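A.B. asks: Given only the sequences and the hints, what does the whole structure look like? Please build it.
The primary structure of each chain is shown beneath.
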Amino acid sequence: MCRGHVHSGTFRSSGARRDRRGFTLAEIVASIALIAVVGVFLVQMFAVSDGLSGKARTLDCAVSFCATIADRWKSAEHPETLAGIPELEGMLVADGPRRGILGVDDEMRPCDRSVADHIVELSLTESENGVFDLEIRIVTVGDTWQPDRFGLDPALHEIRVSRYFG
Amino acid sequence: MKGGAKMQRTTKTGLWFPRLRSRRGSASVLIVLMVVLLAVFGAMALTAASANLRLARRHAEWSAEYYRFDASAERLLAAVNQEAKGTTLAEELASRLASLQVEGVAGVISRNEEGRLILEAVAGDPEGRGIQVKLEWPVGEDGNVSEEVPRIVRWSQFQQPFAYGTEPGGLWDGENE
Numbered sequence: 010m011c012r013g014h015v016h017s018g019t020f021r022s023s024g025a026r027r028d029r030r031g032f033t034l035a036e037i038v039a040s041i042a043l044i045a046v047v048g049v050f051l052v053q054m055f056a057v058s059d060g061l062s063g064k065a066r067t068l069d070c071a072v073s074f075c076a077t078i079a080d081r082w083k084s085a086e087h088p089e090t091l092a093g094i095p096e097l098e099g100m101l102v103a104d105g106p107r108r109g110i111l112g113v114d115d116e117m118r119p120c121d122r123s124v125a126d127h128i129v130e131l132s133l134t135e136s137e138n139g140v141f142d143l144e145i146r147i148v149t150v151g152d153t154w155q156p157d158r159f160g161l162d163p164a165l166h167e168i169r170v171s172r173y174f175g
Numbered sequence: 078m079k080g081g082a083k084m085q086r087t088t089k090t091g092l093w094f095p096r097l098r099s100r101r102g103s104a105s106v107l108i109v110l111m112v113v114l115l116a117v118f119g120a121m122a123l124t125a126a127s128a129n130l131r132l133a134r135r136h137a138e139w140s141a142e143y144y145r146f147d148a149s150a151e152r153l154l155a156a157v158n159q160e161a162k163g164t165t166l167a168e169e170l171a172s173r174l175a176s177l178q179v180e181g182v183a184g185v186i187s188r189n190e191e192g193r194l195i196l197e198a199v200a201g202d203p204e205g206r207g208i209q210v211k212l213e214w215p216v217g218e219d220g221n222v223s224e225e226v227p228r229i230v231r232w233s234q235f236q237q238p239f240a241y242g243t244e245p246g247g248l249w250d251g252e253n254e
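Chains A and B, in that order, are what the protein sequence lines are. The numbering of the first sequence is our numbering, which starts it at 10 and goes up by one. The numbering of the second sequence is our numbering, which starts it at 78 and goes up by one.
Think of the hints as simulated: they come from the structure by calculation, not from any bench. There's no promise every hint is true.
DEER-style ranges, computed between Cβ atoms [to be verified]:
hint: 1; chain 1: B; residue 1: E191; chain 2: A; residue 2: G63; range: 54 to 60 Å
hint: 2; chain 1: B; residue 1: A183; chain 2: A; residue 2: V57; range: 39 to 45 Å
hint: 3; chain 1: A; residue 1: S123; chain 2: B; residue 2: G184; range: 47 to 53 Å
hint: 4; chain 1: A; residue 1: G175; chain 2: B; residue 2: A128; range: 41 to 47 Å
hint: 5; chain 1: A; residue 1: E96; chain 2: B; residue 2: G192; range: 43 to 49 Å
hint: 6; chain 1: A; residue 1: E86; chain 2: B; residue 2: E224; range: 20 to 26 Å
hint: 7; chain 1: B; residue 1: N221; chain 2: A; residue 2: G93; range: 35 to 41 Å
Please read all numbers here as calculations on a predicted model, not as lab measurements. Each residue gets a CB set at the ideal place from its N, CA and C atoms; glycine is no exception.
C.D. replies: Written out as structure tokens, the structure reads:
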């Protein structure tokens, strides 16, 4: 009687081994349900994190790009023109040599304006006493962006650089 | 006899020990642990991404602010050059420069010192962040500045409350070593 009770959990009466370790169907169902419920929030959390990281990366790239253009322009020999800045090659001149737009991707690499994620708007003005002002704005491309909206859309990042050229 | 000994071992372990060794619910425990782990990593990722974005925004503000200060300093330089074209007399130029008003520039001080006319100013907030500018003209024995265009001795960014030395701030002195 005792022997039969002890062995009943591990051996069949035929003598074949019966392994009872492992998960029952109810446990698997409960686990999957738990994962499904909690997983929704977790996936959302990771998606939000990824979105925030992407925004931070884009903003960092925009700041770097603006600073590079600003420093190139400040060290150029002819501040009255935007020509000669390698980062602005392929720029569409909007209104003479002192105003231009450039399509860039999320990492501020120049690309065709039709597939661009952002538009760089540049405008160069000359104020009194031989001071030149360069305004650099990076605008996120929306459905509404058109060249005639130059300077009107809110900028992701913008700086105003001046240089005295006496 | 053998069966009796086995039976004895299993009953000797008490009431709680067999439950502790039970595998019931182990899948749920595993999943709960996994979920907790994922939640912790998710929270850490969210916190890190949020801090990263905050830092990026602050960097963007600092960058824009730096170029604003630099623009004010450039306007100061233009205004100073304009004033210097009007007169060559050091005393008169010093008094003109002391009353110079340029937007975004504060603490303009000009003085004659050891044969030099010196102008010091801060583009930005003197109590916070800004760009320190120091310009210098050599003054001859006749009391006139000998050069129309000033020499830029200092053009460096600062942020209080750090103390800065008297070095020119990385400016090239115009001489090759």
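A.B. asks: Against each hint, give a clear statement of whether it holds in the structure.
C.D. replies: Against the structure, the hints:
1. B:E191 x A:G63: 54 to 60 Å: 57 Å, holds
2. B:A183 x A:V57: 39 to 45 Å: Because 43 Å falls inside the window, the suggested range holds.
3. A:S123 x B:G184: 47 to 53 Å: 51 Å, holds
4. A:G175 x B:A128: 41 to 47 Å: Roughly 44 Å apart at Cβ, these two residues keep to the hinted range, so it holds.
5. A:E96 x B:G192: 43 to 49 Å: 45 Å, holds
6. A:E86 x B:E224: 20 to 26 Å: 22 Å, holds
7. B:N221 x A:G93: 35 to 41 Å: 39 Å, holds
The structure is consistent with each of the numbered hints, conforming to all of them.
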